Amino acid sequence: MNEDVLVTRDLTKRYGEHTAVSSMSIRLRRGRIYGLIGRNGAGKTSLMRLVSGMSTPTSGSIELFGSGADAPRQRDLARIGTLIESPSLHGGMTAAQNMHLHRLQRGVPDAAIEQQLLELVGLPDTGRKKVKDFSLGMRQRLGIALALIADPELLILDEPVNGLDPLGVVEVRRLVQHLAAERGMTVLISSHNLPELFQTATDYLIVEAGEVRMTLTLEELEAQTQQYLEVAAGDTEALVTALEQALPGSDARVMPSGTVRLPHHADQAEQVLRHLIAADVWPTRLAREGESLESFFLSVVGGES
Amino acid sequence: MINQLRADLYVLRHSGPAVLCLLACTVAAVLYTWLQHVLAQGSLGPEAASGVQGLSDILLVSLLGPLLFGVVVSQPFETKSVHNALLASGRGAFVASKTVIAAGLVTALSLPYGLAVLVGRATEAEFAPAIPTAFSLLLAEGGALDAGEVRSILAITLTSGLLTAAKLSVCLPLAIWLKRPLVVMAAGFVWSFLADLLAGELSEIQGLDALVRLTPFALEHLPTVDSSGGELLGTLAVSAVFIAVMGLVSWLIFRRADVK
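Heads up: the sequence lines are chains A and B, in that order. Going by the numbering used here, 288 is the number at position 296 of the first sequence; the sequence numbering is gapless. Every position in the second sequence, counted from 1, becomes a number in the numbering used here once 2 is added.
Bound-form chain B, shown alone (with noise of 0.2 Å):
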């Protein structure tokens, strides 16, 4: 497993799909950040808020995030670079590396909005919420940025990208089972947007409520400016759990499949 991991670890810093994900999204997280300044000062229409939109969080991460689940996944399938490490690991050491590596990457595309709201926050400048995410919502909350207070936008920053790729790691076995990076991705950005949905529906029910909030698709895991310490750790508890099981289900898939 630990072989596994650093040879996963040093594909990822020679993959050319991962740079430039974690780049887009750092690109993307400062003009976002910075338009939403713009249209505080109101040079900006609300006419133009939709577009600042497909600058945020949720779109580039639900985006981006399947792509690197394809990538990290399903990509060893094509370069067969699988057949060594069945060889040298096996096939559980294989998706427990894959599913570490894959979340944690997904998990990171998230950071850069997190520092940009530190940075943007720094400014003591005004900023308009595009929408309503915890991103835009810190940095549009203002105030002086104390130790405590760059403390909670770390950690809503981690929970928020840890969620996000607990979310998206329905992928996992979506790539095991596909080996298509982009197909995974296609699939992935639907689910995204769908699952939240579905999620809503379910927890309408009677007796599926519960179920739902062991989940990360339960509104309640989403963090906010006001999240308590204790409700930001049962998140992180619940993704992470998550995105476990989501591996185990890799791992039933791909135990005794055959590998070309």
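Next comes chain A alone, as it looks inside the complex (with noise of 0.2 Å):
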């Protein structure tokens, strides 16, 4: 089976002199959460429309689920569920009333996936109460849950989270990963909630003013963004074996400049301090280092904090 959901060459659209997507050339894979993080105006909405097939690329080429396709077909479309902007809701229609109304649109034969959807997204017995009555948060939910009516394989969702309570984002994060984990389904989210999207997704796109910045993986990301302790010494052999002689298992790491990085030491300076100079090393460096999500966002994308 083709692993590639989603592949985009030299993506791009304009909109009289603004463009909005610029030569995006982006691989989306099976089963993975892609965090799609971008300033307002970066380019992630227009993105998530021209793979939805709302609106049709200047040039370039969306391939979707291996088809060998340069533009989206009908029955590849018919394989997507999207939360964009926000949900398409019937505000004179109960939470059931959008579900039955979205079925019938998606032609789902079995009704009880109705109910189902309800329940997994927390809105089990909301009754008679109409949509435009709804919370914001309650809104979100039902979005998510007419997004998933059809069994999707990619799920597009924008901003997803927000105006939900802390619960909900736990919830919907929870939900998104088991989506993927259990259903293989492959999530493209953007949020502006940096720390949210960095507990959910496997990989991230890093878009500013419609270009792909920066792909890099959660393995990447943490890489990038972890925090650590940073020791140096006049003997770097000496610091070397004291560190592991007192902090066995520490995964300390030898730079090329001789020092050395303790990441899972970030918060321990004081105790790392007491045993070398127990090991008579004195160090001439001792410092937490390391950058945050938000200044290594800013750093790839040419913000200032």
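Hint data in this document are derived by calculation from the structure and do not stem from the laboratory.
Below, simulated SDA-like cross-link-like pairs (lysine to any residue); rule was C-alpha separation at most 20 Å, straight line:
#1 K181(B) with Y7(A)
#2 K262(B) with Q66(A)
#3 K262(B) with R6(A)
Across the chosen pairs, the derived CB separations fall in these ranges:
#4 R166(A) with L184(B): 35 to 45 Å
#5 E80(B) with E212(A): 36 to 46 Å
#6 R257(B) with D(-4)(A): 21 to 31 Å
Only a predicted model underlies this, so the values are computations on that prediction, with no experimental measurement involved. Glycine residues also receive a C-beta, built at the ideal position from the N, C-alpha and C atoms.
Dock chain one against chain two, each of which comes alone in its own frame, and use the hints as you go.
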């Protein structure tokens, strides 16, 4: 089975003089959760619209599910679920009626899916309450349920945790992770909440000014943003020996400059110092280092903190 | 296409504006019929006739028809339900379903007037036409109401309804383009009166008269009490084709348009 769910090549979208998406080439693989990170107007929603057939590219190609086609075909689009900008809701209907409508539209025969999905997103018993009377969080939950009604293989969520309380945010995170792990669903998710995306996604696309500035996995992002204790001494060999004896399994890393990084002891400077002095190794440098998620993001997109 | 049609019918069942428009036409048809009876009795002066005209099918359908086109076609852009429609069935199915639903609904706006004619004729009361529309003339004609007459009234009602829907179907591409129900309503209302004048002028120009005859705006397509079955069928065909052409124009506009 082709593991590529979405491949874009030199994808560009212009609105008059403004370029919303500029030569974007990305590849999304099955069962992964891609966090789309970028400032307002960076091109996140424009990319999502292009992929889901809501707008047509100025140039470039979009290949879905390894179809070999240069543009999304209808049968490929039917395998996508979206929640872009705001949920597709009829305010005058109840949650159950909205679910029924979307099930009819998608031609899903199993009526039981309506209640199952409402329970999944925590809206099992809203009864006769009209959607127009729902809170923002309830609307978002219903929007996610609607996006899942046809059991999509690619789920596109634009700011899905907007308006959700902390518990709701955790529930959405667990749901997304469950869908990717258990059903092999690929999720493209955008959020302004960087720590939240950090906990949810397995891969990251950092976009700025319509361009993909960086793609990296969770492991790579962790490595980039991990806090560590940096230690230096006149005799590096003695320093490493002392650290290995005092802190076995500390995952100490010796850098080309001769400094040693301790990723699991960023908050234990005093304890490390005591061990080193006890071993008669006198540090010339002992400092907590590492980039925060925000500062790393800003360094990639070229902004200021 | 079938899934989209089923979904649109489901939305229609829960649509306040659609139910209200049908209700408004039903109430107006009842009042219109009753007032034409009062006019015939002489209890209402001729000067009141203009007030009665405000309840006629011409005015009501010209006002509510564009509103329904706007609601049926434009509302999915406001509720964002168009997103799901595009993923589920595509742009062609979306436009085709909206064309069928909106045209059918606007045709249905004329049905209360046809039913009011049947009821009025069944009472064998006298009626004076407030304006010479097909419904008023059918009502004023009087006489026994046999099965053939009932069939004829129903056929004229259906033809008249579809003809009006066809005239207003220019609201379809307008609604796809503007995506604002109230703007579509205003534009459609003005168009419904301008179009007949325009068609009248164009049909005076040699060479264009044949073209106008192929549209629902030609005077000869207006159903009358004397219209034959063949003429009604011809009008139905012209109306249906014109609606389909407007659907096609809508699709051409929507085919590569960006959806927000």
